[in-house]
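Asker: These are the residues of each chain, in order.
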Amino acid sequence: MRLIRYTRIAFVSNRRIFFVISAILVLTSVFLLIFKGFRYGVDFTGGGLVQVRFAQPVRIDAVRAALSAMGEPGASIQQTETGDFLIRVKPREKTTDESGFSSRLREQFAVSFPNISFEVLRDEAVGPRISKELQSKVLWAVVLGIIGILIYVSFRFDFRFGTGAVLALIHDTLITLGFCSLFNKEITTTLIAAILTVIGYSVNDSIVVSDRIREDTKKIRKESFAEVCNLAINRTLNRTVITALTTLFVTIALLILASAEIRDFAFALTVGIIIGTYSSIFIVANLVVEWEHRFPSRRRR
Amino acid sequence: MKGARIKIAIWLVVFVIAGVILWPSFQLYVLLPGQERALKQRLAQAATSADSQAVMSEIIEFNRRKAGLYEKRILHLGLDLVGGMHIVLDVDKSQLTEEEAKRAPELALEVIRNRIDQFGVFEPTIQKTDKGRILVQLPGVDRERALNIIKQPAHLTFQLVEEKAKVYDALKTLDERLQASGVLKAESSQVLPSAGAMAPQGMDSTGEAAPGTLLSYLRGEGDELDLMIPAGDTAVFSSLLEKGKEFWPQGYEFRFGPVESEQYGKVVRVYLLKSEPELVGTRLRRAEPAIYQGADLERANTWVVNFELDREGAAKFAQVTGRNVGRRLAIVLDGVVRSAPRIQERIPNGRGQITLNDRRGDKAKDLSIVLNSGALPAPVQVVEERSIGASLGADAIRRGLIAGAVGAVVVILFMLFYYGVGGVLADLALFFNIFLLLAALAALRATLTLPGLAGIALTIGMAVDANVLVFERIREELRAGKTPMAAVDTGYARALVTIIDANATTIITAIALYFIGSGPVRGFAITLAVGLVLNVLTAVFLTRFIFDFFLARFEVKTLRI
Numbered sequence: 001m002r003l004i005r006y007t008r009i010a011f012v013s014n015r016r017i018f019f020v021i022s023a024i025l026v027l028t029s030v031f032l033l034i035f036k037g038f039r040y041g042v043d044f045t046g047g048g049l050v051q052v053r054f055a056q057p058v059r060i061d062a063v064r065a066a067l068s069a070m071g072e073p074g075a076s077i078q079q080t081e082t083g084d085f086l087i088r089v090k091p092r093e094k095t096t097d098e099s100g101f102s103s104r105l106r107e108q109f110a111v112s113f114p115n116i117s118f119e120v121l122r123d124e125a126v127g128p129r130i131s132k133e134l135q136s137k138v139l140w141a142v143v144l145g146i147i148g149i150l151i152y153v154s155f156r157f158d159f160r161f162g163t164g165a166v167l168a169l170i171h172d173t174l175i176t177l178g179f180c181s182l183f184n185k186e187i188t189t190t191l192i193a194a195i196l197t198v199i200g201y202s203v204n205d206s207i208v209v210s211d212r213i214r215e216d217t218k219k220i221r222k223e224s225f226a227e228v229c230n231l232a233i234n235r236t237l238n239r240t241v242i243t244a245l246t247t248l249f250v251t252i253a254l255l256i257l258a259s260a261e262i263r264d265f266a267f268a269l270t271v272g273i274i275i276g277t278y279s280s281i282f283i284v285a286n287l288v289v290e291w292e293h294r295f296p297s298r299r300r301r
Numbered sequence: 302m303k304g305a306r307i308k309i310a311i312w313l314v315v316f317v318i319a320g321v322i323l324w325p326s327f328q329l330y331v332l333l334p335g336q337e338r339a340l341k342q343r344l345a346q347a348a349t350s351a352d353s354q355a356v357m358s359e360i361i362e363f364n365r366r367k368a369g370l371y372e373k374r375i376l377h378l379g380l381d382l383v384g385g386m387h388i389v390l391d392v393d394k395s396q397l398t399e400e401e402a403k404r405a406p407e408l409a410l411e412v413i414r415n416r417i418d419q420f421g422v423f424e425p426t427i428q429k430t431d432k433g434r435i436l437v438q439l440p441g442v443d444r445e446r447a448l449n450i451i452k453q454p455a456h457l458t459f460q461l462v463e464e465k466a467k468v469y470d471a472l473k474t475l476d477e478r479l480q481a482s483g484v485l486k487a488e489s490s491q492v493l494p495s496a497g498a499m500a501p502q503g504m505d506s507t508g509e510a511a512p513g514t515l516l517s518y519l520r521g522e523g524d525e526l527d528l529m530i531p532a533g534d535t536a537v538f539s540s541l542l543e544k545g546k547e548f549w550p551q552g553y554e555f556r557f558g559p560v561e562s563e564q565y566g567k568v569v570r571v572y573l574l575k576s577e578p579e580l581v582g583t584r585l586r587r588a589e590p591a592i593y594q595g596a597d598l599e600r601a602n603t604w605v606v607n608f609e610l611d612r613e614g615a616a617k618f619a620q621v622t623g624r625n626v627g628r629r630l631a632i633v634l635d636g637v638v639r640s641a642p643r644i645q646e647r648i649p650n651g652r653g654q655i656t657l658n659d660r661r662g663d664k665a666k667d668l669s670i671v672l673n674s675g676a677l678p679a680p681v682q683v684v685e686e687r688s689i690g691a692s693l694g695a696d697a698i699r700r701g702l703i704a705g706a707v708g709a710v711v712v713i714l715f716m717l718f719y720y721g722v723g724g725v726l727a728d729l730a731l732f733f734n735i736f737l738l739l740a741a742l743a744a745l746r747a748t749l750t751l752p753g754l755a756g757i758a759l760t761i762g763m764a765v766d767a768n769v770l771v772f773e774r775i776r777e778e779l780r781a782g783k784t785p786m787a788a789v790d791t792g793y794a795r796a797l798v799t800i801i802d803a804n805a806t807t808i809i810t811a812i813a814l815y816f817i818g819s820g821p822v823r824g825f826a827i828t829l830a831v832g833l834v835l836n837v838l839t840a841v842f843l844t845r846f847i848f849d850f851f852l853a854r855f856e857v858k859t860l861r862i
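For the protein sequence lines, the chains are A and B, in the order given. Quick note: the working numbering has the first sequence finishing at residue 301, numbered continuously throughout. Quick note: the working numbering has the second sequence finishing at residue 862, numbered continuously throughout.
By construction, these hints were calculated from the structure, which means they are not laboratory data. Computed from a predicted structure; not experimentally measured. Some clues are possibly wrong.
Partial chain A-side listing against chain B, Cβ under 10 Å, derived [stated by the list, open to error]:
#  : residue
1  : Gln-51
2  : Ser-99
3  : Val-120
4  : Asp-123
5  : Val-142
6  : Leu-144
7  : Leu-196
8  : Ser-202
9  : Glu-215
10 : Thr-247
11 : Ala-253
12 : Leu-257
13 : Ala-266
Backbone N, C-alpha and C fix where the C-beta goes; we use that ideal spot for every residue, glycine too.
Work out the full structure: start from the sequences and follow the hints.
Answerer: Here it is, written out as structure tokens:
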């Protein structure tokens, strides 16, 4: 069976429309990144996070009172859908030992809730030095990852396609980050991993289209570059859509069924793959065509 | 077809090797849990003691087998899946010389490893990481006990104790000095008409001590002041002491005891000790937990730690006790005076006892472990912690597996539905792929984390990509009127370049991710990278081969994919 018949959709001649759509999405995302920003996880801010599950329902006020009693009135308390409490504390200015908060919390809860048993499901504590190191590590990983891709792409393709793929990559990453900001996703190392995967996927997709254009420009001499590009997009359309679908089946399953931590990860992947697919159909080749249109290369008429 | 047999043979060998590698993991995670449940059930149902003895020995045999499996190359499950403690420790080198600081992380690691070995944890990870830090991962432990065992410096000293009158005088002098230097407001005692109004509870209103002074914290009445302060006031009291440190009696130091329950409520004792220890107990021959057997009724049924010094230590101990009969000798552990018995006579055998307020025996057992393993070269501090409760891990693993399975089934059905025969091939490759991926992870002794599971799920989605590229290309060639054989040939040839290009970039990002280095993300990076490499291999070499094989064998005239 076929999902998409052999098509001749005019992707290239309508490219201005897609440029406008992308521009709106990118600008909105940049706006969100600047003015709304992100919620950062403990990994990056430092501080502590304790997740507690009580055997019986406990009011959030009671938890707050217990925290005040242990001298942590500034702790933020959040209740999850499963009724667990997520308790966060800001990083200490002068820290000696990061495990102390959770230990004191356990003692205090045992006193404040003498008749209710509780289980600490998660302890995260990151000292100020560690969080700084992690920030720079993540930054390096992202920078090196992108440089690695750039080197590979520029080595395998000519400069125009390389630039097209990189612009698409920036486009996909910005919009994915914009969605993460819009939906208040917390930036953790796991989410960064998802974003990097999106970057990989985005380039992967761009390459499939670019490869086809490169191959077809050699074979089809009589048609214009724009025509060849349009044909190549149409010819790879089936593959682009099907690969996106099979990957989305998995990320959406994770998004719906997996545990909370994986859900944010799956969210970023799902958004990123949709945007990446969109950009490799509507943007990558069109950018190259637009460039070729304005600054024709010497090899062509 | 030429070489078909060799190719079949190669794939069979690969398959068998993967199976052999995965067999211990399969036993561990699939077969053993059921057997363990059955054994526990039989133990619970055992009617006679002979029966339960028999089951017990079977359980011991079972545990031996399980431990044996851990020795092999198995797929490890990350702490985020099984639950457990993950901490990174920094050795505080501020008090060490340069030479000591260099060796401190190594020494600390050795001591911690010793302690954890004795504590008895299945599969601990204790290793040095960058900047001389120590990573400790302990699956399924009681966090508080484990932290206590790891972090306790275990510095044992024996110091002579000053008598009460002298301590009282020292505190009085300190009070005067503090008042003179303005730390304590001297006039406050005169301004207030009745000191008793402000005096802490239990303090006689006719007592001489002015409120806020060190003496005012002591419990007791009149001249019968005891050298104890309310446990809640320890912080204030010790900060006052700190402020007057220059006025402490020369060669002496103040120390506190542990929190005790007395007639005044929860209190701690205050001691004045000779700073120079008589003996430093780094060299213990052994320490072991025992039930208290002395005359103190308060301590009946509590656990203590009996220790024995090594020969050199015992000789020194005999000398010290012989010289100081009638005086009190404090046993100080990590700055806390555990007890301060009066020396009745010279103690020749180097034996002593540390009393604890412990009715369950945990503390005594843990302290014995710590003392037996020796002292840490310097205090260690937890700079990072990521601990997961067992039930959260179990929940994560269950939901992750369900989500992954649902995703995989949808992909498999979709491929069958969409590509027919080709779909069968792609699904076969997918299955093979996951099988090899798990085997590769086991062979690499990699750890499967929650993001790692997601990584496997993701490679399932992306695994079909290579085949999709090929199939779409074959379809195109068929449409252009080529024979099935030729279409498959060109399809593969043309798609190969793209497949390699496309996967290479994702592998590059996976490598970058690996260097972020945090456990779970690293797990994701490894599964993704290995998964993608296998993707290319199975798509290009396995499905290609099967395609060719069937086309040649059955002389297929028309191919529908």
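Asker: Evaluate each hint against the coordinates.
Answerer: Taking the hints in turn, this is what the structure says about them:
1. Gln-51: Given a least distance of 7 Å, the restraint on Gln-51(A) holds.
2. Ser-99: Hint holds; Ser-99(A) Cβ to chain B Cβ min 4 Å, cut 10 Å.
3. Val-120: Holds. Min distance 6 Å.
4. Asp-123: 4 Å, holds
5. Val-142: 7 Å, holds
6. Leu-144: Holds: closest Cβ of chain B sits about 5 Å from Leu-144(A), inside 10 Å.
7. Leu-196: 5 Å, holds
8. Ser-202: 9 Å, holds
9. Glu-215: 7 Å, holds
10. Thr-247: 3 Å, holds
11. Ala-253: 4 Å, holds
12. Leu-257: Result: holds, 4 Å to nearest chain B Cβ.
13. Ala-266: Holds. Min distance 7 Å.
In this structure, none of the earlier numbered hints is contradicted; all agree with it.
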